[in-house]
Amino acid sequence: MSRQRSLMERIRHWMSWGLHGAMTCEEFEAGLVDYLDGTLSPIDRHRINLHTRLCSHCRRYLRAYDKARRLAGDTIRYSDEQALMSVPEDLVQAILAARQEDSADTRR
Amino acid sequence: MKSDGAGVRPTEGSLQQDDVEAEEGALVARLKAGDERAFEILVRRESGRLLAAARRLVRDEAAAHDCVQEAFLSAFRAIGSFEPRSSIGAWLHRITINAALMRLRKQRRLAETPIDDLLPSFDADGWRRDTVDVPDGDPESELERRRVRDFVRGKIDMLPDGYRTALVLRDLEGWSTKEAADALGIAEGAMKVRLHRARSTLKRLIEPLWTGDISA
Ligand SMILES: [Zn+2]
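Top line first, the protein sequences correspond to chains A and B. Numbering-wise (numbering that gives the first Met the number 0), the first sequence opens with residue 0 and increments by one. Numbering-wise (numbering that gives the first Met the number 0), the second sequence opens with residue 0 and increments by one.
If you're looking for bench data, these hints aren't it; they were derived computationally from the structure. Hints should not be assumed to be uniformly reliable.
[Stated by the list, open to error] If you want a taste of the chain B side facing chain A, the calculated C-beta under 10 Å gives, among others:
1. F38
2. R55
3. R76
4. R148
5. S175
6. T176
In this text, a Cβ means the ideal position worked out from N, Cα and C, and glycines have one as well.
Start from the sequences, fold in the hints, and give me the full structure.
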């Protein structure tokens, strides 16, 4: 980072870093997929847990991230249930017809 | 006790489970013998579920129909080699997903087209800038729930195909990173990045729901 920063700014950053589980929010973000998959090393997992506890921003972020996943799942599953209630007859007929054609081809 | 359309599987009672397995075994045997009536039973039983799975990936209704049809035909051609390690429904499901992915790949629809300004932003030191508070609890009335679903549905549909596919394969189909990466022809690391971006983007799109910025 080429940006010129005052000593105060740098001190503030490193204090912040220490107070947030020795991890920036950006580093937290980068580990999230593995964290939720449970594939992080115990040390990295611990750092993410610590950061979540110490950083209210990331805590809120994680909650929203999780909630969005859940809502997307619920919504799609609901659409699926609706779809199951009515199987388009034209699709069934098209498949059966294509099957007839297909087996005629193989016999030929 | 035939369960033709609804696909309700008994979850308790080993006797019922045995019945289902025996029924399934008999159906597979008839399919292998080339019984057309058995094929129709299978088509009627599984089409709805498979169509739903295809629709998650390809948004065009006619294309989703084609995927299901292709899946049935290729399954039927390969029925001789079907080994009942998994159910025939699960087998068809997998073939359908692959047909849908193949279609998207052919159309080159799976390239990642990020919606950059919707990704999380950090300051120069790597600290987070923007977060919203998610209110506790879920909507209580059916009307409100429907409003939420319609809103979320609209946002899912706004995602680029590459993002939606990553989300569907990992978060809904429950595929591993490796399986999904292989299917999409990308590296595992790239798959993780894409999944994360997809989830983050969706989160950002859904946020107005929590900040109250949508008109009812
Ligand atoms: Zn943070």
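Each hint, compared with the structure:
1. F38: holds (6 Å)
2. R55: Nearest chain A Cβ about 6 Å off; hint holds.
3. R76: holds (7 Å)
4. R148: Interface hint status for B/R148: holds (5 Å vs cutoff 10 Å).
5. S175: holds (9 Å)
6. T176: holds (7 Å)
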